[in-house]
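Chains as they are written, first to last, in the working numbering: chain A, 1 to 183; chain B, 1 to 615.
Worth flagging that the hints you see were computed from the coordinates, not collected in a lab.
Using N, Cα and C, we set each Cβ at its ideal position, and we do this for glycine too.
Treat the hints with care, as some may be off.
Claimed, not checked - In silico contact screen, one side only, chain B against chain A (beta carbon under 8 Å); selected entries:
id, residue
1, Ile-9
2, Ser-12
3, Ser-17
4, Asn-18
5, Trp-25
6, Asp-26
7, Lys-27
8, Lys-403
9, Val-422
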Amino acid sequence: MKDDLEIYIKQCMQNERAGQLKIYELFSPVLYGICLKYMKNEDDAKDVFQEAFLIVFQKISQYKFEGSFEGWLKRIFINKLIETLNKKKKENFFLDVFDPDTDFVEEEELDIAPIQQEKLLEFIRDLPDQYRTVFNLYVFEKMKHKEIAELLKISEGTSKSNLNRAKRILQKRILSIKNFKTA
Amino acid sequence: MKKQNIENIFSSMENFSNVPPPELWDKIEEKLNKPKKKKRATLWWSAAACLLLGLMLPSVLYFNSVSETKNNGAIENNSVVFDENKTDVNQTRTIPGDENKSINQKSNNQNKSLENNPVSTDTEKMNQRQENAVADAPNIIGTKVSTKKLRVGNKNTNETLAEKSSISEKENSFNTSSNKTFNKEGNANQAVAEKTSTTGNHNAFNSSSKNQLLNSGKENINQAATEKTSISGNHNPFNSSSKNQIADVEKKNANKILTEKTFSSGKQNPFNPTAKNQVANSLFEPKQNTKSNKTNTNLALNSSSQIVSTELNNKAKKDSDTKTNQNEAVNAEKAIANNQQNNSKFIDVLSKQDSIQLAELQNLEKGIANPEDKKEKETKPKSESDKWAVQVFAGVANSDNYKNDKTLGHVNDSKQSSTYGVKTKYKINNKWAVGSGLKINELGQSIANVSYMDVSEKNSAFFSPSAYFVKNVATPQIANNRSYVFVSNTTKDALVSENVQTGNLDQSLRYIEMPLEVSYAVFSKNRTNISLNTGGFVGKLISNNVALDGTSIGKNLDANDFVYGSVLSSTVQYRIYKKTNVFVEPAMNYYINPLNNQSFNQLQWGLNFGLNVSF
């Protein structure tokens with residue numbers, strides 16, 4: 001599998017369509033999933049997905065066969081997603097400042113049954129852009145607030161604030177389902 | 001059921017994957033097949049062209065002014081910079097206003113006008129004699145006369161002699177050469193030249209030609225002077241000057257054609273991208289429609305409340321009516337159906353408490369969604385047109401004498417002034433921007449301990465200032481006020497007069513300037529932005545003042561109405577609120593031609609402070 005991947009990558013470096021298709025087939029579901037998590041609607045996700053894949057094929061010659069190829073692909077996609085979100089929002093993006101009084105509310109543990117992925121995805125995508133991005137980076141990409149702050153050019157406090165606010169919204173959404181079900 | 005926090009609940013989403021629609025690969029493949037656009041390269045080239053233009057324009061203008069100075073002897077002679085080392089040839093510049101008039105009115109009959117001039121008749125005869133002597137040993141006589149003149153002081157006859165002889169010294173040689181040329185050429189020009197040389201008034205003739213050049217437009221001077229150099233090998237300079245005029249016209253036409261061409265090409269360039277944009281927009285139009293429709297369906301799917309869902313149902317229904325996106329419409333209808341089912345369940349099951357809770361949740365969601373929508377509405381046009389910025393600034397500037405120039409034998413000192421203006425900038429991309437605007441700026445210089453004579457009527461009953469200006473060519477006339485006669489540092493010792501005083505001479509020229517700048521962002525992090533700017537500017541003189549010991553005595557005679565120059569500055573900008581930035585801008589301005597014949601501070605250091613609002 002690993003050897004095959006290397007062959008495909010090298011084919012991509014030669015701009016061979018067969019290799020490109022193989023790479024696409026292998027990684028597109030995961031990468032498309034990322035796009036869906038970061039973008040508010042599917043059309044935007046599709047647009048970014050296309051553009052990011054084009055960047056992948058254009059820059060694949062820069063891949064040094066060091067580290068995970070999937071990780072390299074994800075980095076390109078996340079960078080592209082953040083760039084797109086920044087373009088959409090520019091100045092008003094990530095301007096929330098961390099407020100310890102309101103943002104340091106202890107997280108409540110929820111007593112709920114498993115929720116379908118589609119529903120969770122829906123909850124995530126309903127979050128405001130800035131909260132969603134921080135939430136995705138923190139929860140799924142396992143990035144620290146410092147890293148998020150550097151990537152998004154915001155303060156660590158803002159990153160924490162955005163994450164807490166995202167969690168509170170999600171919590172309420174989940175509770176609403178619970179209430180609905182219990183009722 | 002297990003107790004878990006939000007992160008655990010969403011951990012299943014970590015490796016969430018979804019197979020993309022098959023048409024996406026087709027689109028990617030299609031784009032991969034397309035040749036790469038050279039948009040970025042075009043952008044870089046256009047920025048580089050702007051930069052080059054900004055730098056070239058002032059230097060071209062500068063070299064033009066230099067050629068003017070080199071080729072036009074009269075202009076050199078007109079210099080008011082009286083270095084101690086300079087000979088009296090430099091002092092022969094001041095030509096009486098009366099003479100100028102007569103010469104200009106009858107440019108073809110200079111001899112006649114001079115003959116009619118009662119003041120110069122005697123002196124002309126003397127000049128004839130002097131000429132012969134000068135022709136034999138011009139240099140010696142030239143120096144002798146100059147020393148004589150310096151010592152004589154107010155003796156007018158001798159001074160005039162000195163003036164004329166020094167002119168004849170120069171122009172004798174000039175005429176000899178021109179005669180030689182005529183012998184070779186043997187054309188109609190010869191008559192004019194011969195006439196000039198035989199009458200012995202060729203001094204005036206030649207000076208008249210110079211005056212003509214002086215009095216004509218500045219552009220003509222430059223061009224005529226340059227043409228003169230190239231043609232003078234074969235023609236009489238006087239006659240060639242008339243040819244130059246024709247050549248000028250041709251040149252101007254040529255220039256016009258050139259500029260027209262440039263502009264038309266400039267127009268073509270922006271036209272093409274617009275055309276492309278149009279095409280691009282038309283391609284995206286259906287896409288946008290689909291986007292809007294899809295958004296609605298998504299919203300319909302996501303809504304859980306009765307009110308929101310009904311509203312969205314209506315929207316979705318409306319969308320489905322369009323029939324442009326049948327699939328989406330079907331989805332929307334499905335969503336409506338689902339929502340309706342859910343809603344009916346809700347209505348059946350919800351208790352009063354639950355409904356209150358739900359209402360709170362709805363409010364919360366609306367609270368989140370609505371401000372965001374508003375923000376989106378606010379930011380969308382902003383982000384689209386965020387490329388523009390308006391700057392308002394004010395600052396201090398210091399005109400500097402970097403060449404150690406002297407006026408009247410004294411070094412020009414620097415002078416501080418204020419500046420203010422407004423500028424707009426257009427961002428080409430993240431790094432490059434172009435800008436222009438209007439600025440009020442003042443260029444100045446002060447000269448300490450300048451010797452002058454107050455020859456106003458109250459101070460000098462027996463001393464006529466007009467006579468002084470006519471006869472004493474060593475006197476540079478800086479201001480248009482004839483009551484003050486400035487004396488060169490070299491001449492002041494020779495003048496034993498109670499009227500000679502010293503004072504500080506301040507000159508200031510205020511311009512309204514229009515810069516054209518190219519900016520490159522060298523640093524951009526968080527709220528701070530540093531950029532380098534360069535370009536050129538054109539300025540129109542709006543105020544001209546010469547002050548002696550703080551009292552205004554008039555205007556500088558040699559100030560050019562239009563100036564050109566180059567700018568180099570660096571902007572350090574800090575964002576204070578959303579789109580509002582404060583900035584500080586150290587700058588260096590170089591003025592090419594503030595004055596015609598005098599030396600003047602041309603370099604200016606400045607520090608501007610201002611406010612920048614992008615929109």
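**Request:** State the violated hints by number, sorted upward, taking the hints as numbered earlier in the document.
**Result:** 6, 8, 9
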